[in-house]
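For the sequence shown, my numbering gives the first residue as 21, with consecutive numbering after it.
Check the hints yourself; a few may be wrong.
Unchecked claim - Here are the simulated SDA-like cross-link-like pairs (lysine to any residue), alpha carbons at most 20 Å apart as the crow flies:
#1 Lys86 to Ile225
#2 Lys303 to Leu290
#3 Lys214 to Ile225
#4 Lys47 to Cys189
#5 Lys47 to Leu57
#6 Lys259 to Lys86
#7 Lys124 to Phe103
Keep in mind the hints are simulated off the structure, nothing from the lab.
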Amino acid sequence: MVYTIFFFGLAMLVSLNQGKLMDAIGKYLTPVLIVLLLALAAGVMIAPQGSMPDASGDYVNSPFIKGMLEGYNTMDTLASLMFGALIVDLLRQKGITDYRSQFKYLVIAGSISAIGLSVVYVSLFQLGNTAFGVVSEASNGGAIVSAYVLSLFGKPGLFILAGIITLACFTTAVGLISACADFFHNLTGMAYRKLVLILGVICAIVANVGLSQLISLSIPVLVAIYPVAVALVLVTFLKERFARPALTYRLVLTIAFLFGCLDGLGAAGLKMDAFSFLPLFDKGLAWLMPTLLACVAGMLLRRDDEVAAEAA
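Given only the sequences and the hints, what does the whole structure look like? Please build it.
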């Protein structure tokens, strides 16, 4: 509890000084985090602690879908939307306001993030694949990683892992608190500083729930809202093909949210047999086909001026 208060107190302090946020994270925290991650990745790849067991359960029957749903827990798509807005805001504070320059820096930031995440996830894939000999049963992934690092590096490795987790969580906490505070400031007009304090306190309370309990509580919520984030990315790439983009955006995102809620209720353990006829409902992807059909419908819509010209 004391550590949580200190951690989020420091995160709020950094978030309140937005102008120094990008410099502090970019110049100091990120390089240290990268070095620690590379050390862990190298150890996992060079000296695996076991052999790869046979796949089981859904990883045999539908590995792609299972992997996709497990990927919801990373929240990378949700975070990327928030961080993208935060990066644009920070660029504006640096005096970079023209679209081309902002686009260039966003591409650079996105590319670095993609490479970094690829290194992290490939390393974690290897760690998970070879962890059975180290720990056959664990309540969550955090316990698996801790046991693996202890086996690989000994007790000093736990300091490396603690550094990685602390820096990764701290930079994420600062970024999300700042981005959410900015969003709700623009939405409601409430003071940015007050929002930072409110969000920081909420985060500190939630952090004490415990990892396993937090994951079990968050899964239904993520299953419900993640389709909206995926749909938003999809329509953004397809917007040039929509004759009426505003209408199509509303249509696609509404459908993704409604069907995502059905999946979320199913993930929460509620009986949803009445909707079992929906494609991929049993896989937790009832939102996918309706959302894709809504995108196709958006492409088939015509502009009002085209309809008027044809009628004339």
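Original post:
Are the Cα atoms of Lys303 and Leu290 separated by 20 Å or less?
Top reply: 15 Å, holds
Original post:
For the pair supplied as a hint, Lys259 and Lys86, is the alpha-carbon distance within the 20 Å limit?
Top reply: At roughly 29 Å apart (the allowed maximum being 20 Å), Lys86 and Lys259 break the hint.
Subject >> Hinted pair Lys214 and Ile225, Cα distance within 20 Å >> reply: Holds, because 17 Å separates the two Cα atoms, which is no more than 20 Å.
Original post:
Is it true that the CA of Lys47 sits at most 20 Å from the CA of Leu57?
Top reply: 17 Å, holds
Subject >> Agreement of Lys86 and Ile225 with the hint, judged by alpha carbon distance not exceeding 20 Å >> reply: Since the Cα atoms of Lys86 and Ile225 sit roughly 31 Å apart, the hinted pair is violated (cutoff 20 Å).
**OP:** Below or equal to 20 Å on CA atoms is what counts here, so check Lys124 against Phe103.
**Re:** 16 Å, holds
**OP:** For the pair we were handed, Lys47 and Cys189, check the Cα-Cα distance against 20 Å.
**Re:** 17 Å, holds
Hints 1 and 6 from the list above are not met by this structure, while the remaining hints are.
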